[in-house]
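2 protein chains.
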Amino acid sequence: MRFIIGFLFLLTVLSPAECGNILVWFTEGSHWINLKIVLETLIDRGHDVTVLVPDASLYMKAEESDRFSYQPFNVSIEAQDMQDFLDDFLHFSMYEMDQLNLLQIHIRFYQLVSKDQDLCLAYCDGALNSPELMDKLQHGKFDVMLADPIFPCSDILAEELDIPLVYTLRFSIAHTLERLCGQIPAPPSFVPGAMSKLTDKMSFTERILNMLFYLSQDALAISLWKKMDSYYTEYFGRPTSYCEMMGKADIWLIRTYWDFEFPRPFLPNFKFIGGLHCTPAKPLPKDLEEFVQSSGDDGIVVFTLGSMVNNITKERSNTIASALAQIPQKVLWRYSGDKPDTLGENTKIYDWIPQNDLLGHPKTRAFITHGGTNGIYEAIYHAVPMVGIPLFGDQPDNLAHMKAKGAAVVIDFNSMQIQDLVDGLNAVINDPSYKENATRLSRIHHDRPMKPLDESVFWIEFVMRNKGAKHLRVEAHNLTWYQYHCLDVFAFLFTILTVVLYVFFKLCKFFIMRCCSRSKQKRKRKNE
Amino acid sequence: MRFIIGFLFLLTVLSPAECGNILVWFTEGSHWINLKIVLETLIDRGHDVTVLVPDASLYMKAEESDRFSYQPFNVSIEAQDMQDFLDDFLHFSMYEMDQLNLLQIHIRFYQLVSKDQDLCLAYCDGALNSPELMDKLQHGKFDVMLADPIFPCSDILAEELDIPLVYTLRFSIAHTLERLCGQIPAPPSFVPGAMSKLTDKMSFTERILNMLFYLSQDALAISLWKKMDSYYTEYFGRPTSYCEMMGKADIWLIRTYWDFEFPRPFLPNFKFIGGLHCTPAKPLPKDLEEFVQSSGDDGIVVFTLGSMVNNITKERSNTIASALAQIPQKVLWRYSGDKPDTLGENTKIYDWIPQNDLLGHPKTRAFITHGGTNGIYEAIYHAVPMVGIPLFGDQPDNLAHMKAKGAAVVIDFNSMQIQDLVDGLNAVINDPSYKENATRLSRIHHDRPMKPLDESVFWIEFVMRNKGAKHLRVEAHNLTWYQYHCLDVFAFLFTILTVVLYVFFKLCKFFIMRCCSRSKQKRKRKNE
Numbered sequence: 000m001r002f003i004i005g006f007l008f009l010l011t012v013l014s015p016a017e018c019g020n021i022l023v024w025f026t027e028g029s030h031w032i033n034l035k036i037v038l039e040t041l042i043d044r045g046h047d048v049t050v051l052v053p054d055a056s057l058y059m060k061a062e063e064s065d066r067f068s069y070q071p072f073n074v075s076i077e078a079q080d081m082q083d084f085l086d087d088f089l090h091f092s093m094y095e096m097d098q099l100n101l102l103q104i105h106i107r108f109y110q111l112v113s114k115d116q117d118l119c120l121a122y123c124d125g126a127l128n129s130p131e132l133m134d135k136l137q138h139g140k141f142d143v144m145l146a147d148p149i150f151p152c153s154d155i156l157a158e159e160l161d162i163p164l165v166y167t168l169r170f171s172i173a174h175t176l177e178r179l180c181g182q183i184p185a186p187p188s189f190v191p192g193a194m195s196k197l198t199d200k201m202s203f204t205e206r207i208l209n210m211l212f213y214l215s216q217d218a219l220a221i222s223l224w225k226k227m228d229s230y231y232t233e234y235f236g237r238p239t240s241y242c243e244m245m246g247k248a249d250i251w252l253i254r255t256y257w258d259f260e261f262p263r264p265f266l267p268n269f270k271f272i273g274g275l276h277c278t279p280a281k282p283l284p285k286d287l288e289e290f291v292q293s294s295g296d297d298g299i300v301v302f303t304l305g306s307m308v309n310n311i312t313k314e315r316s317n318t319i320a321s322a323l324a325q326i327p328q329k330v331l332w333r334y335s336g337d338k339p340d341t342l343g344e345n346t347k348i349y350d351w352i353p354q355n356d357l358l359g360h361p362k363t364r365a366f367i368t369h370g371g372t373n374g375i376y377e378a379i380y381h382a383v384p385m386v387g388i389p390l391f392g393d394q395p396d397n398l399a400h401m402k403a404k405g406a407a408v409v410i411d412f413n414s415m416q417i418q419d420l421v422d423g424l425n426a427v428i429n430d431p432s433y434k435e436n437a438t439r440l441s442r443i444h445h446d447r448p449m450k451p452l453d454e455s456v457f458w459i460e461f462v463m464r465n466k467g468a469k470h471l472r473v474e475a476h477n478l479t480w481y482q483y484h485c486l487d488v489f490a491f492l493f494t495i496l497t498v499v500l501y502v503f504f505k506l507c508k509f510f511i512m513r514c515c516s517r518s519k520q521k522r523k524r525k526n527e
Numbered sequence: 000m001r002f003i004i005g006f007l008f009l010l011t012v013l014s015p016a017e018c019g020n021i022l023v024w025f026t027e028g029s030h031w032i033n034l035k036i037v038l039e040t041l042i043d044r045g046h047d048v049t050v051l052v053p054d055a056s057l058y059m060k061a062e063e064s065d066r067f068s069y070q071p072f073n074v075s076i077e078a079q080d081m082q083d084f085l086d087d088f089l090h091f092s093m094y095e096m097d098q099l100n101l102l103q104i105h106i107r108f109y110q111l112v113s114k115d116q117d118l119c120l121a122y123c124d125g126a127l128n129s130p131e132l133m134d135k136l137q138h139g140k141f142d143v144m145l146a147d148p149i150f151p152c153s154d155i156l157a158e159e160l161d162i163p164l165v166y167t168l169r170f171s172i173a174h175t176l177e178r179l180c181g182q183i184p185a186p187p188s189f190v191p192g193a194m195s196k197l198t199d200k201m202s203f204t205e206r207i208l209n210m211l212f213y214l215s216q217d218a219l220a221i222s223l224w225k226k227m228d229s230y231y232t233e234y235f236g237r238p239t240s241y242c243e244m245m246g247k248a249d250i251w252l253i254r255t256y257w258d259f260e261f262p263r264p265f266l267p268n269f270k271f272i273g274g275l276h277c278t279p280a281k282p283l284p285k286d287l288e289e290f291v292q293s294s295g296d297d298g299i300v301v302f303t304l305g306s307m308v309n310n311i312t313k314e315r316s317n318t319i320a321s322a323l324a325q326i327p328q329k330v331l332w333r334y335s336g337d338k339p340d341t342l343g344e345n346t347k348i349y350d351w352i353p354q355n356d357l358l359g360h361p362k363t364r365a366f367i368t369h370g371g372t373n374g375i376y377e378a379i380y381h382a383v384p385m386v387g388i389p390l391f392g393d394q395p396d397n398l399a400h401m402k403a404k405g406a407a408v409v410i411d412f413n414s415m416q417i418q419d420l421v422d423g424l425n426a427v428i429n430d431p432s433y434k435e436n437a438t439r440l441s442r443i444h445h446d447r448p449m450k451p452l453d454e455s456v457f458w459i460e461f462v463m464r465n466k467g468a469k470h471l472r473v474e475a476h477n478l479t480w481y482q483y484h485c486l487d488v489f490a491f492l493f494t495i496l497t498v499v500l501y502v503f504f505k506l507c508k509f510f511i512m513r514c515c516s517r518s519k520q521k522r523k524r525k526n527e
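If you read the sequences in order, they're chains A and B. Take the first sequence: its letter number 466 is residue 465 in numbering that gives the first Met the number 0, and every next letter is one higher. Take the second sequence: its letter number 2 is residue 1 in numbering that gives the first Met the number 0, and every next letter is one higher.
Do not take every clue at face value.
For chains that are exact copies, the list does not tell them apart, and a pair is met inside one copy or across any two.
The calculated lysine-lysine pairs, modelled on BS3-like cross-linking and capped at a C-alpha distance of 30 Å, are [said to hold, decoys possible]:
| id | residue 1 | residue 2 |
| --- | --- | --- |
| 1 | Lys402 | Lys466 |
| 2 | Lys521 | Lys362 |
| 3 | Lys196 | Lys285 |
| 4 | Lys285 | Lys114 |
| 5 | Lys35 | Lys519 |
| 6 | Lys247 | Lys519 |
| 7 | Lys469 | Lys196 |
| 8 | Lys247 | Lys200 |
| 9 | Lys196 | Lys525 |
| 10 | Lys466 | Lys450 |
Keep in mind that the hints were calculated from the coordinates and are not lab data.
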């Protein structure tokens, strides 16, 4: 019965689905995992999906089960170049940052982002400067382009093909893309910059830090985007910019929701669809279920540091294993490095675990996580409190959100001692507030007018049906920065006020002088 | 089949509906019409609804068909006082404004709003200072309070009863309530103040006017709200304010949508549910249908100036009737004044017309409207282009929206000549762009993830299920105005920068002086 109702619901809300032709710009890593689920649903609904894939891609590998077409294109770099960059970025985030001063961190970060930009532009070149590919796409009769704006140039292609553009984005550092290009307002007084690790409740010092974070990231972005602006201008042969082109996107699907985000202003074309990949737990394989059941009333702890970290130092793995050995719960640890010497009997190591099914298991008491958005959303979905050990990228910031919402304890990976992890686990398992808060977030996640996957599909199809969604795009896109902030208006009003006051005082002075001189003359005449 | 699917849709999206107890603060006029539809649906879903009604109410009359309970309370004023005020306001808006200068308009407007405030506070007194009523409500076990914030004090009662508060609001002048109390951002550079008659595309002069409009309305609001602040502070016996209390509302249901509104920033607890009263057209009564059918291919024009204007001057009605007599369409005019002398054979006058059913009739070519929101929404729903003759209140601004969106021609009521109305009607009927734009707005209206009535019910029930929606409320509510705009942060950073520069220049000067004096001494020694 539930299935029939669900099916009819989909029919009513999402119909009529006129079958369309969807073009997808390449993405990588977790961005791709998330997008793939949307694409699968679009195919279920009868659309054709074509995915552009550079031959140097690391994660977009064609699988037999794939139902969408891959459209490969050649790029001038190798997959190894991208892998080297990722390794370098990982090393910087995990190990270098603690040993560098603030200036060194900024310089190193600038170098890394600049390198990333060069790689991305090589990808752009590969697609946009291939006459065969462009010709094929021009004849492909696409209805919409889907892209993650973190990977540039999708806007160029959408403009070239004259089709609407839908973005799907987790975040950009300090929301630079969303603010400067998408025109979303973000007052620094209560909207912490993404990656700042701040919350919406900021002290005076934190507000200063947040402001400096915004300012520094804006300066960095403006400096870095010069190269992009030149690329875009050169491509079109008319003055344009990276930001201007990005601002033409019809819809921005943001991969979070108010369970995870601190409430903040947004725009009609920003839709928050976080957690669309989450599903109810499926039954576990027999051996796993047996191990889980053997935990008795104590239950289990699920532990993973994500798919990008396959190895950590022996010293760190031993510290972690020693801590895990001290808790009464059974632990399922996804780890493909060497077996730690201190591994307890309660802990089992796996190359891979069915993370979502484990998090949804009634015996699960806690989730030790690096803090990737996908994992955090699965924990929210199943109301599991977290111990966060953030490693790099957005992970520290993601976990700062969960900590502020009372659903997680956060521990520093490099300085973590055995007792820190034991204390963290005991807190989230035995202090009921963590479970209560995780349950509250879960309720917020589930209790919304439309499921996030359905909402994503709705807006992609809306754009296809209506050839865009320009009625949701604010006029701010057509204003300069000083017009947006009314600086020209203030300058004008200030000038008028000054002139009026000046004339007023001059007139007053004139009349006072005149009165004085008259009375003087009078007195003079009198004296004469 | 459609009915079954619709029913199951409601079941899936809105279930489970735990039956609750809803308290409704009094409203008046079109505010009440709109709210009543939501209440009916809530009752359909099994909730109990109690509506607070002052005995001086003009519009909230108990009808036999009503399924909700009315809870009357005594107030120190008569219905006639409110009627006198409304007549006075109507006269000012329709006839006085053209004859007064800007300063006189402001003074008169201030007096009128001040009078309205006194009437509202008399209503507040009636409810809040009645021990019997308050005692009854305290024992009523309500789950949520519904109110239109235009009618104050619902927030006091919600606080007293310790229940969440859901607002339903069309607008406040220059969005003062939404901005200053609800914390919605509205940059004056592209968000025209409500009632300004401006659009989101503003010239430099218009942006100056918009800024001045915002500033003057803010000054007016702050000055007027002092009385409210005193009332609130006195009631609670602790320092508080009208705005602070209003800011505690969990959800703001705004009675517009992006078909009508210019896109602008908003907040997670603002939901746009405009047009919830619209329904498909029902068949017309036989006599009406016959008259409509007699129009042939030319079709009909539907004409009403709203329920609040029952009479206009003979001269105006004759001008209108002469114009209507010149068009080939048949006209159905809702008008209860004297029959105009110039009435054409194609025009029929009715005391009442089934407006929605007529607008949804395939023969309808145009809608002559005063520009009330409810009527405009019915026209949007049925994709009917409009000729607007705004009279007072939000009507000129509403019609400015429709004109900017290309779905209406607007004519001034007082200066309108016969030919103006004829030209207006010919334009919207014969120039296909008006019908196309009305159809585009209609598509936007219908093509949304959830019907507005369902969305309203969802959020009211959400608040009941979750005892509020604090996770959607921005932290801006807890900041002062200078903190919100980061003025303290800027002042601090500016001070630091000044001190650093001062010390730097002082040091430079010191070292230069020292160098100079050394080289002088050297030269001196050399010379010696």
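Outcome of the hint check:
1. Lys402 with Lys466: For Lys402 and Lys466, the Cα distance is within 30 Å only across copies (23 Å; inside one copy 42 Å).
2. Lys521 with Lys362: neither (104 Å within a copy, 86 Å between copies)
3. Lys196 with Lys285: neither (40 Å within a copy, 68 Å between copies)
4. Lys285 with Lys114: Neither: 47 Å inside a copy, 76 Å across copies.
5. Lys35 with Lys519: Classified as neither; 92 Å inside a copy, 77 Å across copies.
6. Lys247 with Lys519: neither (72 Å within a copy, 66 Å between copies)
7. Lys469 with Lys196: Classified as between; 22 Å across copies, 34 Å inside a copy.
8. Lys247 with Lys200: between (33 Å within a copy, 17 Å between copies)
9. Lys196 with Lys525: Answer is neither: 82 Å inside a copy and 63 Å across each miss the 30 Å cutoff.
10. Lys466 with Lys450: both (24 Å within a copy, 22 Å between copies)
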